[in-house]
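Trainee: Sequence:
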Amino acid sequence: MIEMNEKRFLSILEKLIGESQYVQNYPPKHIPEEDKIVDHVLKELEPYRVENGGVLEIQHVHSTPRRGNLIVRYKPEGATKYVSFVGSHLDVVPADPSTWTNDPFKLTIDGDRLYGRGTTDCLGHVALLTDFLCSIGEKKPALTTILTVCFIASEENASIPNVGVDYLVANGYLDDIKAGPVFWVDTSDSQPCIGTAAVATWTLRVEGRLFHSGLPHKAINPIELGLDALAEIQKRFYQDFPAHPDETRYNFASPSTMKPTQLRCAEGGLNQIPPWFEVRGDIRLTPFYNIAECIKKVSSYADHVHKNVTLMAKPEVHGPCSKYEVVDTEGNTVTGKVLLTFDEHPYKGIACKLDSKGFDALCAATTSVLGEVKPYSICGSLPLVGDLQEAGYDLQVCGYGKSAVYHANNEFCLLSDMKNATKIFSKAIELL
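In the working numbering, the protein residues as written are 2 to 433.
Rather than coming from a laboratory, the hints here were simulated on the basis of the structure. Mixed in with the good hints there might be a few duds.
[Claimed, not checked] With a cut-off of at most 20 Å between alpha-carbon atoms, the simulated DMTMM-like pairs for lysine to aspartate or glutamate come out as follows: (1) K141 / E345; (2) K82 / D356; (3) K354 / E391; (4) K358 / E326; (5) K298 / E326; (6) K140 / E373; (7) K76 / E139; (8) K338 / E431; (9) K37 / E15; (10) K420 / D111; (11) K141 / E233; (12) K308 / E208; (13) K30 / E45; (14) K315 / E326; (15) K297 / D356; (16) K298 / D356; (17) K424 / E373; (18) K428 / D97; (19) K107 / E34; (20) K420 / E233; (21) K8 / E78; (22) K358 / E431; (23) K358 / D344; (24) K107 / E7; (25) K76 / D111; (26) K30 / D111.
[Stated by the list, open to error] Beta-carbon label-pair distances, calculated as ranges: (27) E78 / D247: 14 to 24 Å; (28) I110 / S300: 42 to 52 Å; (29) A293 / K44: 23 to 33 Å; (30) K140 / R206: 25 to 35 Å; (31) M2 / T100: 38 to 48 Å; (32) K44 / G79: 25 to 35 Å; (33) G393 / P77: 34 to 44 Å; (34) V318 / L264: 11 to 21 Å; (35) E373 / E279: 14 to 24 Å.
No residue lacks a Cβ here, since even glycine has one placed at the ideal position from N, Cα and C.
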């Protein structure tokens, strides 16, 4: 069994966290330069490259300058099966140093805790797999499987397409790994994640009529209309997308949901009823429903509300002056408007195959190392995993950071968890 070279792992992780400020992904403010991470990985793997007499075949693939992906393959003589580790990404979410206890862009070691932006998501996994590949290069184990590790760019933000794994798949760089289990290494808590939700973000914009709040009978209050419209849309959503029976089998912590997360309206005085109001939020849909069909249905609910907006008025709730259609000073009828739009590129959810050899190996390896296995599902979302599964990849999902600090201030992982992850990967490969 391969075990972590702790000194090397910490050295690699320190270098990667030191670059994390340059791979923050939040365009247009932060556009990552993932090759800053790749350069360190390549330096570690340099002695083990085939070109240098080693055993690792390496491809550095770009669609955009300095935003590379890295594919590393180990092909032992006579190996005919495949196993792959994909999903460990080279970018991070932004961090504000003023809100952290420690410098987020410098590795801080406090006992078993390793602090820094990316330790959990996902530079810790990049360092882990880099150390693992170094050990493969040193030991040259006689595996019966062809091992592929793919580090990807542009996972944290999809607003700039065709940079990361989407580009690799579209251009055939990962076609061969369809022949065996693919472990997507980008979750947390050291247990198999067997399900994630689809996510679609939406904006509900409501047009009312601006007027003095002392004359509410002449206004259309877009805040009241927006909240009433949203309540009707949510009611119909939960009728059509109730808890699904398979959610229990997959240990989902929550069912599908549609809810608001942000509100805003036109600026003005407190004595003004504003002319417009916006609600933004998301739909989290368990993978047993189709997100495209869901978007179509929810859009139809909003269309119905818009066409019947006068019926949305609730004077028993908002008072007798609350109306969604009024006559202006010129005698024209003014009617409130409701428009629901969805952002592009919703993420698809995934329900991992529970009859997969990869799932069996991951569970057995986890039990062997940790003493138990507790597969779980969450309504968090991962980009691209649903698309990859639909494209024929046998995806299993795992990760070894801490969900409690995902995208959070003072992000950390545990060295002990990463050391166990090395053993789990080694055991899973052995079982396959």
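Trainee: Hint by hint, say whether it matches the structure.
Mentor: Comparing the hints with the structure gives:
1. K141 / E345: Measuring from Cα to Cα gives roughly 45 Å; hence the hint is violated.
2. K82 / D356: holds (18 Å)
3. K354 / E391: Holds. K354 to E391 sits at ~12 Å (cutoff 20 Å).
4. K358 / E326: It is violated: about 61 Å lies between the C-alpha atoms, which goes past 20 Å.
5. K298 / E326: Violated. K298 to E326 sits at ~26 Å, over the 20 Å cutoff.
6. K140 / E373: Violated: K140 and E373 sit about 29 Å apart, past 20 Å.
7. K76 / E139: This hinted pair holds, its Cα atoms lying about 14 Å apart.
8. K338 / E431: Violated, because 61 Å separates the two Cα atoms, which is more than 20 Å.
9. K37 / E15: holds (13 Å)
10. K420 / D111: Roughly 16 Å separates the two Cα atoms, so the pair holds.
11. K141 / E233: violated (62 Å)
12. K308 / E208: holds (14 Å)
13. K30 / E45: violated (31 Å)
14. K315 / E326: Measuring from Cα to Cα gives roughly 13 Å; hence the hint holds.
15. K297 / D356: This hinted pair is violated, its Cα atoms lying about 32 Å apart.
16. K298 / D356: Violated, at roughly 32 Å.
17. K424 / E373: Status holds; Cα separation ~14 Å.
18. K428 / D97: Violated: K428 and D97 sit about 39 Å apart, past 20 Å.
19. K107 / E34: It holds: about 17 Å lies between the C-alpha atoms, which stays within 20 Å.
20. K420 / E233: violated (50 Å)
21. K8 / E78: It is violated: about 30 Å lies between the C-alpha atoms, which goes past 20 Å.
22. K358 / E431: holds (12 Å)
23. K358 / D344: violated (37 Å)
24. K107 / E7: holds (18 Å)
25. K76 / D111: Outside the cut-off at roughly 38 Å; violated.
26. K30 / D111: Outside the cut-off at roughly 32 Å; violated.
27. E78 / D247: 14 to 24 Å: violated (43 Å)
28. I110 / S300: 42 to 52 Å: holds (50 Å)
29. A293 / K44: 23 to 33 Å: With Cβ atoms ~44 Å apart, the hint is violated.
30. K140 / R206: 25 to 35 Å: violated (59 Å)
31. M2 / T100: 38 to 48 Å: holds (40 Å)
32. K44 / G79: 25 to 35 Å: holds (31 Å)
33. G393 / P77: 34 to 44 Å: Distance hint for G393, P77 is violated at roughly 25 Å.
34. V318 / L264: 11 to 21 Å: holds (18 Å)
35. E373 / E279: 14 to 24 Å: violated (47 Å)
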